[in-house]
Amino acid sequence: MPPPETPIDRRRFWRIVGSGAAFQGGAAAVDSATVVASIVHLLTGSVFAVGFASAALRLGWLLPQLVVGYLAERAERRMPFYVFGAYGRATCAALIALLLWLGNEWSGAVLATGFLVLWVAYAFVSGVVAVPYNDIVGRSILPAARSRLLAWRFFIGGLLALGIAAVLRLTLDVLPTLNAYALIFALGAALMLISSTFFVSAGEPPVPNGAPGPRSRQSVGAFLRGGRDTLRDDARFRQFLYAQWFGGTALMALPFYVVAATGQGIGAAAVGTLLGAQTAGSLLSNAAWGWLGDRAGKLRLLQAVAIVRMAPPLLVLFLLATGAGVWAFAALFFVIGAMMNGTTIGYLGYLMEISPDDRRPAYSAYFNTLVSPAALLPLLGAALISLASIEAVFVAAAGGAVMQLVLLNRIANRDRRSA
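Going letter by letter, the sequence shown gives residues 1 to 419 in our numbering.
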């Protein structure tokens, strides 16, 4: 997988890879589907709290992007936005580590409240990163190399994440639970700090034409109307948005797989095993997703991922019915890791592909703001568990995956007709 040919592009390629890989390791340490879901359930015993933590992360990632997208289009440089968000989220992760380390003598309510407050802060500060990151990477990396970049990022980052999983398993065996989680969040914060420094060192290429375009001087109202016009006039943008809403339905079950494992008698010490299996699935799927995205196209990649997305909810229903143990759930999390990795590579690649070069910050802002209501679906998942059963949320997730595949197929058919 060769990087771009010029020395400057090679340097940027590998520094962005290094940044993404370090963040991938750091993100594993604060993974919402395993680490955070486990500790929130441990602190509160509430599926609604687990759903809230997952929803807050996704909503915090998406909602700031409209404001950041507007401001970024007016700015000559987008890197300052990245610096604020990237170093800010590392700081929040470090504060969570400190809270957990000092929290052994605190009441459960105080500790849980403090954790969730800092987690929400982490989520919303992280949301500042998305627009400048997508724009800078889009201007730095040629389209033909973007899937390879993401694949290298997730491959190297997956190795780091496997190390994080091993440390988590070891520390949960030898340290008090809260101290073990504190250590993992501290490692996550350190890796995020390294990630931020790598990305900043890669530099930022000039914006198109070397200066802000005419749209950068538009009013807030004009910027918002631009989002309405994009939704109305850009059919690929609109259909991709609808597909992502159903993708959110499929992913609303994500924080509850750990809850399902807990219900089968799998204890907190096994979270490291589940995280390791999830990371291995992500790592081993990289080559396939990167090859498929670059050779067959980002849309074909998204279609393949949508098919894989049907597997976890159906598999967990089987495991719950048969009373399976930790290694069967590890296999489930292996599939989840592969699915999530393909989702990220396909989503980022396709959004970059359909975004005009001079409007990429705005397109990222519009898209991620419009898809943000789907971030609340884990709360609906918690309600389904409370009103019916945990199986109900997995049935709904499987239905969402089917509908997403239907919509992606419609996009593909439309593209073929217009070709």
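To be clear, the hints were calculated from the coordinates, so they are not data collected in a lab.
Computed from a predicted structure; not experimentally measured.
Don't be surprised by glycine CBs; every beta carbon is placed ideally from N, CA and C.
Worth double-checking, as some hints may not be accurate.
Label-pair distances were calculated between CB atoms; the ranges are [claimed, not checked]:
| no. | residue 1 | residue 2 | range |
| --- | --- | --- | --- |
| 1 | Val220 | Leu159 | 42 to 50 Å |
| 2 | Asp233 | Leu102 | 47 to 55 Å |
| 3 | Gln264 | Ala109 | 26 to 34 Å |
| 4 | Gly263 | Arg10 | 27 to 35 Å |
| 5 | Gly265 | Leu380 | 24 to 32 Å |
| 6 | Gly108 | Leu380 | 20 to 28 Å |
| 7 | Ala296 | Gly203 | 42 to 50 Å |
| 8 | Asp358 | Arg414 | 23 to 31 Å |
Verification of the supplied hints:
1. Val220 <-> Leu159: 42 to 50 Å: holds, 44 Å
2. Asp233 <-> Leu102: 47 to 55 Å: Given about 53 Å between the Cβ atoms, the range holds.
3. Gln264 <-> Ala109: 26 to 34 Å: holds, 28 Å
4. Gly263 <-> Arg10: 27 to 35 Å: violated, 50 Å
5. Gly265 <-> Leu380: 24 to 32 Å: holds, 27 Å
6. Gly108 <-> Leu380: 20 to 28 Å: For Gly108 and Leu380 the Cβ distance comes to about 26 Å; the hint holds.
7. Ala296 <-> Gly203: 42 to 50 Å: This hint is violated: roughly 32 Å between Cβ atoms.
8. Asp358 <-> Arg414: 23 to 31 Å: holds, 24 Å
In summary, the structure is inconsistent with hints 4, 7 from the numbered list given earlier, while agreeing with the others.
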